[in-house]
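Trainee: Sequence:
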Amino acid sequence: MITLLKVIVESIRQALQQLVGNKLRSFLSLLGITIGIFCIIGVQSAVDSLEDNVRGSFEKLGNDVIYINRYAWASGPNDWWKYIKRPTPNYEDFKVVKTKVTNANLVAYATEIGARTVKYGSRSVSQVDLKIVSFEYAEMVNLSLAKGRYFSSSEYNYGSNKVIIGHNVAEELFGNIEPVGKKIKVRGKTMEVIGVIEKAGDDLVGVNEFDDEMIISYEFGKTLANLKSKYNWSTTITVKAKDDVGVEDLKDELTGIMRAHRRLKPKEDSNFSLNELTMLASVLDSFFGVLNLAGLFIGLFAIIVGMFSVANIMFVSVKERTNIIGIKKALGAKRYIILLEFLIESVILCILGGIFGLLLVHFIITILSSSIGFDMYLSWNNVTFGVVLSIAVGVLSGFIPAWQAARMDPVVAIRK
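Position one of the sequence shown corresponds to residue 5 (our numbering), numbered consecutively onward.
Careful: at least some of the hints might be erroneous.
[What the hints assert, rightly or not] Computed Cβ-Cβ distance ranges for the label pairs, DEER-style:
1. 119 <-> 368: 34 to 40 Å
2. 181 <-> 381: 37 to 43 Å
3. 16 <-> 411: 34 to 40 Å
4. 297 <-> 126: 51 to 57 Å
5. 375 <-> 84: 36 to 42 Å
6. 85 <-> 119: 25 to 31 Å
No lab work stands behind these hints, which were simulated from the structure alone.
All values reported here derive from a predicted model rather than from experimental measurement.
Yeah, the Cβ is synthetic: ideal placement off N, Cα and C, and Gly gets one too.
Make a model of the complete structure from these sequences and hints.
Mentor: Shown next, in the form of structure tokens:
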């Protein structure tokens with residue numbers, strides 16, 4: 005045990021001597037390891053941060069929610085002609101589901117009718133998405149208001165010309181003016197602003213992001229647009245299951261309600277889709293898997309270059325210390341001691357290169373996180389993976405030189 009510790013300490017000392025004594029050679033050799041670890045861990049960290057944000061965005065909607073849409077989320081481009089023939093879910097579908105469903109505690113309706121220009125006095129904001137919703141929508145999406153309030157039940161039922169606007173719309177249209185209570189115009193229709201939605205956070209997916217939207221009630225919205233148009237693809241009926249009800253039970257009930265309402269025959273395919281967030285899991289796994297594989301593939305090239313560089317250092321080190329190796333073997337040093345001595349030295353060199361790569365990842369991620377306003381991080385799992393990978397590269401690149409040193413004949417080695 006003591007001998008092994010001495011070998012480790014001596015190997016670390018010699019590795020550091022190699023770095024100090026041959027600065028340029030060591031720098032060029034470790035550069036490949038540093039770049040390789042930076043590429044692999046950098047991409048993995050970026051992907052992990054992105055994945056957490058995306059999955060977190062979906063989790064805001066809940067895993068117990070079913071979305072009744074015209075199309076299936078997991079569909080491919082070849083399914084277009086299948087879905088274009090389907091009727092768009094409408095308010096009648098919503099009322100039937102809301103009335104008949106027993107396994108849900110909340111049902112909401114929402115549709116978008118395209119971008120509109122909003123005017124207030126001499127100011128105007130273009131490309132504002134107009135969303136028409138049922139009264140239950142705010143509770144379904146946990147709508148948070150920075151100012152004002154949501155529609156009252158009487159305002160909703162009587163189709164009052166009230167509107168709730170997003171943060172960016174309020175900022176661009178009113179500036180420092182208090183928006184609540186002001187009258188705006190959309191395509192000649194006058195609306196009173198009763199609320200401003202809180203600014204969205206760092207949500208890359210845009211789930212429940214209302215910064216550039218305005219929301220009006222269905223009863224008022226149906227006077228502005230043809231909500232039964234077959235070309236309206238953005239309509240969704242959202243159904244939230246009761247706490248003690250499974251998603252599959254809710255889907256079965258919704259399937260029966262929708263098929264009966266649309267008078268579909270037993271042998272006819274359903275002309276609607278029931279979507280849930282778990283359907284996106286496999287798509288996300290494949291997407292992020294490809295990104296990780298791309299980072300690994302790019303990083304491996306740099307790692308391989310670094311391996312040959314470190315192996316070159318070790319061959320030179322063996323050649324320079326041939327005489328010392330012969331003396332050690334003549335004094336009784338076992339082969340495994342010599343082998344370990346050079347292997348540990350190689351591993352130490354690669355660990356140093358890996359640490360530099362991890363520090364570079366941390367530095368770049370910190371800068372990006374603060375500049376783009378998106379939370380990125382270097383996890384301990386990725387740090388551990390980077391260190392383990394550095395150790396593996398050290399073993400692989402140093403084994404042949406170490407094996408060559410361990411098999412030297414002491415008499416021949418001393419003479420050199």
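Trainee: Are the hints correct? Go through all of them and say.
Mentor: Now the hints, each set against the structure:
A hinted range of 34 to 40 Å for the beta carbons of residue 119 and residue 368 is consistent with their spacing of about 37 Å. With their beta carbons about 39 Å apart, residue 181 and residue 381 fall inside the hinted range of 37 to 43 Å. For residue 16 and residue 411, the hinted distance range of 34 to 40 Å is not satisfied, since their beta carbons lie about 24 Å from each other. For residue 297 paired with residue 126, a C-beta distance near 54 Å keeps the hint of 51 to 57 Å intact.
As the Cβ distance of residue 375 to residue 84 is approximately 39 Å, the hint placing it in 36 to 42 Å holds. At roughly 27 Å, the beta-carbon separation of residue 85 and residue 119 lies within the given 25 to 31 Å, and the hint holds.
Figure legend: structure checked against the earlier numbered hints; the only hint not met is number 3.
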